[in-house]
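Student: This is what each chain is made of:
Number of protein chains: 2
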Amino acid sequence: MNIKTIKDYLFSLEQIPTLFYLFKWILICALIGSIVGSVSAFFLLSLEWATNWRETHLWIIALLPLGGFIIGLSYHLYGNSVVKGNNLLLEEFHTPKKVIPFRMAPLVLFGTIVTHLFGGSAGREGTAVQIGGAIADRFTKLLKLSNRDRRIVLIVGISAGFASVFGTPLAGGIFALEVLILGRIRLDAIIPSFMGAVFANYFCEVWNVSHTHYHISSVAEMNPVNLLWALLAGIIFGLVAMLFSKSTHFWSNLFKKHIKYPPLRPFVGGIVLAIAVYAIGTTKYIGLGIPTIVDSFNENLNSYDFLLKLLFTSFTLGAGFKGGEVTPLFYIGAALGNVLIWFIPLPMGLLAGMGFVAVFAGATNTPIACTVMGIELFGIEAGVFIALACSTAYLFSGHTGVYSSQIIGSPKN
Amino acid sequence: MNIKTIKDYLFSLEQIPTLFYLFKWILICALIGSIVGSVSAFFLLSLEWATNWRETHLWIIALLPLGGFIIGLSYHLYGNSVVKGNNLLLEEFHTPKKVIPFRMAPLVLFGTIVTHLFGGSAGREGTAVQIGGAIADRFTKLLKLSNRDRRIVLIVGISAGFASVFGTPLAGGIFALEVLILGRIRLDAIIPSFMGAVFANYFCEVWNVSHTHYHISSVAEMNPVNLLWALLAGIIFGLVAMLFSKSTHFWSNLFKKHIKYPPLRPFVGGIVLAIAVYAIGTTKYIGLGIPTIVDSFNENLNSYDFLLKLLFTSFTLGAGFKGGEVTPLFYIGAALGNVLIWFIPLPMGLLAGMGFVAVFAGATNTPIACTVMGIELFGIEAGVFIALACSTAYLFSGHTGVYSSQIIGSPKN
Chain P
1 MNIKTIKDYL FSLEQIPTLF YLFKWILICA LIGSIVGSVS AFFLLSLEWA TNWRETHLWI
61 IALLPLGGFI IGLSYHLYGN SVVKGNNLLL EEFHTPKKVI PFRMAPLVLF GTIVTHLFGG
121 SAGREGTAVQ IGGAIADRFT KLLKLSNRDR RIVLIVGISA GFASVFGTPL AGGIFALEVL
181 ILGRIRLDAI IPSFMGAVFA NYFCEVWNVS HTHYHISSVA EMNPVNLLWA LLAGIIFGLV
241 AMLFSKSTHF WSNLFKKHIK YPPLRPFVGG IVLAIAVYAI GTTKYIGLGI PTIVDSFNEN
301 LNSYDFLLKL LFTSFTLGAG FKGGEVTPLF YIGAALGNVL IWFIPLPMGL LAGMGFVAVF
361 AGATNTPIAC TVMGIELFGI EAGVFIALAC STAYLFSGHT GVYSSQIIGS PKN
Chain F
1 MNIKTIKDYL FSLEQIPTLF YLFKWILICA LIGSIVGSVS AFFLLSLEWA TNWRETHLWI
61 IALLPLGGFI IGLSYHLYGN SVVKGNNLLL EEFHTPKKVI PFRMAPLVLF GTIVTHLFGG
121 SAGREGTAVQ IGGAIADRFT KLLKLSNRDR RIVLIVGISA GFASVFGTPL AGGIFALEVL
181 ILGRIRLDAI IPSFMGAVFA NYFCEVWNVS HTHYHISSVA EMNPVNLLWA LLAGIIFGLV
241 AMLFSKSTHF WSNLFKKHIK YPPLRPFVGG IVLAIAVYAI GTTKYIGLGI PTIVDSFNEN
301 LNSYDFLLKL LFTSFTLGAG FKGGEVTPLF YIGAALGNVL IWFIPLPMGL LAGMGFVAVF
361 AGATNTPIAC TVMGIELFGI EAGVFIALAC STAYLFSGHT GVYSSQIIGS PKN
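First to last, the sequence lines map onto chains P and F.
Our numbering applies: residue 1 is where the first sequence begins, and numbers increase by one.
Our numbering applies: residue 1 is where the second sequence begins, and numbers increase by one.
Since the hints were derived computationally from the structure, they do not count as laboratory data.
A quick note: this is a predicted structure, and the numbers were derived from the prediction, not measured.
Just so you know, nobody snuck in bad clues.
Capping the alpha-carbon separation at 30 Å, the derived lysine-lysine pairs in DSS-like fashion look like this:
(1) P:Lys141 <-> P:Lys98
(2) F:Lys141 <-> F:Lys24
(3) P:Lys24 <-> P:Lys141
(4) F:Lys84 <-> F:Lys98
(5) P:Lys24 <-> F:Lys246
(6) F:Lys84 <-> F:Lys260
(7) P:Lys246 <-> F:Lys24
(8) F:Lys256 <-> F:Lys84
(9) F:Lys246 <-> F:Lys256
(10) P:Lys98 <-> P:Lys257
(11) F:Lys246 <-> P:Lys4
(12) P:Lys246 <-> F:Lys4
When you get a sec, could you build the whole thing from the sequences and use the hints?
Tutor: This is the structure we're talking about:
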């Protein structure tokens, strides 16, 4: 065997191009991850500032219609090409047309901060994912990427945004693979997706941004009876997830039907929301609602908390405010789990934790990512309960979800 | 809205048939899970007995050729329809032809116990999965299941067998969905798969059968440098996984080519193995090798341990002994990880744990199931390292694996 034979053999191995592939994506993911992670850190700090400022200057909620108008106007003037948000990312993945306009990132960042500052009820994953996608897609032109590579870049953007905003790299990596097609996970971008998530999470934490910790204090014994209870809880979480999706679409259609001038939609929505907040007399149902989420693990909540949060959030987003659905979905699920102890004999913290991820799993159709997220947030001890709740919720949430551009790859059963 | 309208509306909901679907599969999974879990318990106890008996009566290894001949003869006389083992299950899933013969279960159980009693080097997941599949497929006739439902039943059998033999219900549930098609996970059987796994694991533990615990004592800090080391380790794990697959196929082909009468293959293989064990003077490389796996987390192993185990196992299985590949893959990976500390500056236990699941991920092309398994066995702290190692190993192990009937759904990159 001479040197040429050895050389030929080595070059015939599929591992050689794989090595180039790996190097390429290490570099791209490190670049995207460092930028998206840092922007996420800035976003999280701004969000914290906006929340604190609102909670100490409650009069600003009266200006929510104004905030809404500003957001509506900014999207009306500059944001027509990016107003579809997360759905635009999904559509570009499935049928690539043109590079995501960079303005998606600043517009959604601005819109989300304003939403939270003035007291809308919204999340933050939409923002993070859109920032991630818009930043990642810059590399499409810069590196002259093929359509195939561009799809991977979009996945990296989504995983980087998701992972860094929640501090859950594994869930972020799987979420980006799972959210694209309902009912299927394709593994061909698994390494870029995980690397984007891990890098972004690292670079977010470098800025000393910490994520909220939740704690399930006691997990029930795993036996057939408790398993059936977990399935029942999962069904309820799934139905509420469906209610949330339907309700967001309902408000959105209602606003679009009756108010033709887009900037007026969040303006009118803002009026209704501001009045509702003053009438109810609490800010518990606006913003991210993290204090209530933390409480739901060990304090009795009101039976209607989850429903009011569902109403506030679907209305806020339907009216055209910005931010995304996920943290409110955590809230809705955790608060719902918290009240399920009335008739499901599982520990409160466990039910709250199951609901936290399961309603989200049902609304976004990502049961595996949500199971892994539950494990990252609450530990492996509750893993089986979380997996059963997430997959049952997925099964019962219907074939639509909050992301209407998701393609159905496999029916749910 | 009268009662009829409400009734019509309710019956139009997709959740109603979903509820029937759920009830049906709760019952089927509970049935399959209780039987498979109990048989797994019996299998694990028998395996423990066989291992202990061999280690206290080492002369029996001299009879390994005889053991081999018995296994070979039993399959030659009664097992032609089931000799393909795990691959038969995969083939029946992809192109259903006829119900798996029940004899698959007793034959593989018997073959595996004999393999381990006389000192072959093999695993146990093949056995568990085949027992699970053969038992589960009984319900195909009994319940007159459609082809579609039968596929789900096979998935439940696989997940139940896998989960109960390793004590990892979440990994079992995902493994059964992930192993069928290389590069894709389909979620349509997610609930039956998880339920089969959870029930079987429960019913295995009811018999007081415990699973080995492994412990990663220290996890490295998550930073870009360590991340790159994890990727490098993953590449090595993947290449060794490929070496294992190729080497199993190599021995298998060699035996088939040169020895026409099948019962003679494990007989001749047994002679070589018995001589090798006496020549080396240790039983470290035969059987499941669990003591060495446990050691690899905190003691220095020999640099060649992983290679000898690879050789012993691929030779044992290629010759026609029974048991499966997974526990030896754990051994090979953990022992390889253990020696990687020579040039990869990560903690020994972490590298061993990463190798434990990553070589397995590469050889079976199931990176997500293996990541979840790593988290179930070692805790979430090492999760990111495990995920990176598993997915890199998956990427570098080539497009074949130990299960040759796996269909390629998506290329790896």
